[in-house]
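Student: Line by line, the protein sequences give chains H and W.
In terms of the working numbering, the first sequence is residues 93 to 383.
In terms of the working numbering, the second sequence is residues 26 to 548.
Check the hints yourself; a few may be wrong.
When the alpha-carbon atoms are kept at most 25 Å apart in a straight line, the in silico DMTMM-like pairs for lysine to aspartate or glutamate are as follows [said to hold, decoys possible]:
| # | chain 1 | residue 1 | chain 2 | residue 2 |
| --- | --- | --- | --- | --- |
| 1 | W | Lys232 | H | Asp338 |
| 2 | H | Lys290 | W | Glu404 |
| 3 | W | Lys125 | W | Asp282 |
| 4 | W | Lys239 | W | Asp282 |
| 5 | W | Lys125 | W | Asp67 |
| 6 | H | Lys352 | W | Glu312 |
| 7 | W | Lys76 | H | Glu120 |
| 8 | H | Lys281 | W | Glu312 |
| 9 | W | Lys149 | H | Glu228 |
| 10 | W | Lys153 | W | Glu312 |
| 11 | H | Lys352 | H | Glu164 |
| 12 | H | Lys290 | W | Asp282 |
| 13 | H | Lys281 | W | Asp309 |
Keep in mind that the hints were calculated from the coordinates and are not lab data.
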Amino acid sequence: MAERTPWSLSGALRGMFTKPTIDANTWEDLEDALLKADFGPDVTDSVVSDLRAKVDRFKTTDPKDLQRMLRETMEERLSRLDTTLHLSERPAVVLVVGVNGVGKTTTIGKFAKFLATYGRTVVIGAADTFRAAAVEQVATWAERAGAAIVRPQHEGQDPASVAFQTIEFAKLHGTEIVVIDTAGRLQTKGGLMDELGKIRRVIEKQAPVAEVLLVLDATTGQNGLAQAEAFIQHAGVTGLVLTKLDGSAKAGFVLAVQEKTGIPIKLIGQGEGINDLTGFTPHVFAQNLVG
Amino acid sequence: MATFGNLSDRLAETFKNLRTKGKLSPADVDATVREIRRALLDADVALEVVKDFTGKVRERALGDEVNKALNPAQQVVQIVNEELVAILGGEARRIQFAKKPPTVIMLAGLQGAGKTTLAGKLAKWLAKDNHTPLLVAADLQRPNAVNQLQVVAGQAGVAVFAPEPGNGTGNPVKVAKDSIKFAIDKQYDVVIVDTAGRLGVDADMMKQASDIRKAVDPDEVLFVIDAMIGQDAVATAKAFQDGVDFTGVVLTKLDGDARGGAALSVASVTGRPIIFASTGESLDDFEPFYPDRMASRILDLGDILTLIEQAQSAFDEGEAMKMAEKFATDTFTLEDFLSQMQQLRGAGSIKKMMGMLPGMGGMKQQLENFDEREIVRTEAIIQSMTKAERQNSKLLNGSRRVRIAKGSGMTVTDVNQLVQRFEQAAKMMKTVAKGGMPNIPGMGPVPGAHGGRKQVAKKKGSKSGNPAKRAAEDAARAAGIKPDAAPVTAGGSGFGLGLGKGKSAPGAPSEEELASLQKFLGR
């Protein structure tokens, strides 16, 4: 891969942290930097006023202190929730949901590989029966990750029935983890959102759902919050996956998502390679964000 | 939902404060500009664009070019509207075809923006215009992208050029180059090159895109961007402008509730026009982008033109005439009620349609609560009635109602409510058909939809001391007294809010339709 701009706020913040003292410009620069990183006006206001109060309290004028405080604030806010994946049931069923084009299928491929490196057996249910060639796409990923796959028996099959068959397969073969791919759907489509509820109910007839992962695209803006709220309501999301973090977007909106919904980020995707998926660690994330 | 619905709400809230004041002081302007800034940021408009935009609005609001005929709120709205239209590109631009075919169109954008789906939509749209498009599978990166394009091409009924299987093998530049020769040989007149999704920061991939551009020398390079994108829109758009120097922009996933500030950001930063909007998953959900309409939508003027077009295509003229006659002669039955409702549903999502009505931004809450499945339930109730009952609702006694409730899986209360609503509707329609103004119980008038008088009163407060505005209101009232039974064909472009009468005159989509909307809401 070629040289890439580092994924960090630090570029925007560098100038301001190397100045000798904190002045009015510092605050404006900080606000701009946060807004540009998609934190949104509400979170930005709260972070800035929080930091202003801290700076006043500690009577510091050194931007280095401010940088440290910003990093600590971010880390503290991000690490309030438990980020571990709970996959103890057998089979552990993971349902992957999200709007169109956020990278659900790619994430599933990487996730299967991620689990395989921990010695788990995985079966993928190709329940995206809507989009053209989605089944073939996930099949290619399954092959790369060395996971089994359950395909729909015919075109346009009810996704819930594919999910059902996948779990049957897992029970029959003693597969440890079931990952179900679903078609992308915009959160405003009531009918499609109901379909998710149905998939969930059908799965629960066979086995409890261990995790429902909502995939969010890092380039998304403030609409991310609306997406999260709708998917939580209809599919009972238990964790967030943040994709496309290898781009120039900073995904500041996840902070608002996490705080407003109480759903933690569990995985992050940073590239198109099969190993580009990692667990979420708040301090690394904050470190990368603030520099 | 209107794409910019949420932004409209914010601005409406801001202007409400302005409307109550007599004149514009610098402090007012500051407060308003702050609100506009926040609203735009919430709508994901890029920070630098917001700064630039609010700066201009502020300068003009405080400047000398004050129109004495408008009140302060109208002035600010007018300024904001003009600036929005200016950024969004003034008038709609269309695809430019090559003098000597084939016309080459290249698509580029981030991963997951919707390029492959768009390629299919574009091809279908062109095919409808008697072009012979050829889809070229130059996305050899993503697993089975080639396959997907083949399926999409099949759905659109167009040809596809896919010599390489993809999945990381093959050279997209060569595929693109060969496709041109192929198109000339086989006489396809438009070539649409679908490329792999790539990040703006990925230098290798941008180089590849630029190589593809050089190889095919396209007449149009369309940058496909997701309406949900946030602040990164600017960095990405700039990267693609440097990389492939796109000539136009396509905004996708506009059917979601993203506020779509990206439209403003990209148009403003790159100066490239937005040519198409993509609004759904079916291959037909694709339309040319109308900057003036979009600006009106931002300002909560509603997208009346689109609404009327949609309603017109769904409402059969003859059917409407028959219906009008039924109203007048009092033979409007539950069956008609049902078919009317089904027709309305044919016009697309009712929520979407209502979102396009001006002033609806303020009724957001009610819209949110409105459940589209309500119609399905209503259908179930009516279909559980016997033919005789449908034709004469007076037959419905207690035991019949219990039977209907059981048959449709609803409660007797639901059945009662439906019958009541139907009777009210029938009564109201009769009044309308006879040329009167309906008095709608429950909800009050839909602003901008029914006669001008109520709407103006709601929108601006009718006790205006401004003579120009009073005159406008009078004109609107005059226009509102005789509501047209058939949908009005309105020419022209977006409506400036400054023109009170402009809104009400072409407004009124057919009364039946609106009354039905009222009924649904009234529940």
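Student: Each hint should be assessed against the structure and marked as holding or not.
Tutor: Hint check results:
1. Between Lys232 of chain W and Asp338 of chain H, the direct Cα distance comes to roughly 18 Å. Compliance with the 25 Å bound is thereby established for this hinted pair.
2. At roughly 23 Å between alpha-carbon atoms, Lys290 of chain H and Glu404 of chain W fall within 25 Å of each other, so this suggested pair holds.
3. Taken as a hint, the Lys125 of chain W and Asp282 of chain W pair is broken in the structure, with Cα atoms around 41 Å apart against an allowance of 25 Å.
4. The suggested pairing of Lys239 of chain W with Asp282 of chain W is violated, with an alpha-carbon distance near 37 Å, which exceeds 25 Å.
5. For the hint pairing Lys125 of chain W with Asp67 of chain W, the CA-to-CA distance comes to about 46 Å; that exceeds 25 Å, so the pair is violated.
6. The straight-line distance between the Cα atoms of Lys352 of chain H and Glu312 of chain W is roughly 36 Å, outside the 25 Å bound, and the hint therefore fails.
7. Restraint check for Lys76 of chain W and Glu120 of chain H: satisfied, since their Cα atoms lie roughly 13 Å apart, inside the 25 Å limit.
8. With a CA separation close to 19 Å, the supplied pair Lys281 of chain H and Glu312 of chain W stays within the 25 Å bound.
9. Distance check on the hinted pair: Lys149 of chain W and Glu228 of chain H sit about 24 Å apart at the alpha-carbon level, within 25 Å; holds.
10. Note on Lys153 of chain W and Glu312 of chain W: the hinted pairing holds, with a Cα-Cα distance of about 13 Å set against a maximum of 25 Å.
11. Among the hinted pairs, Lys352 of chain H with Glu164 of chain H is consistent with the structure: their alpha-carbon atoms are about 20 Å apart, no more than 25 Å.
12. The suggested pairing of Lys290 of chain H with Asp282 of chain W holds, with an alpha-carbon distance near 23 Å, which does not exceed 25 Å.
13. As the CA atoms of Lys281 of chain H and Asp309 of chain W are separated by approximately 17 Å, the hinted pair is consistent with the 25 Å bound.
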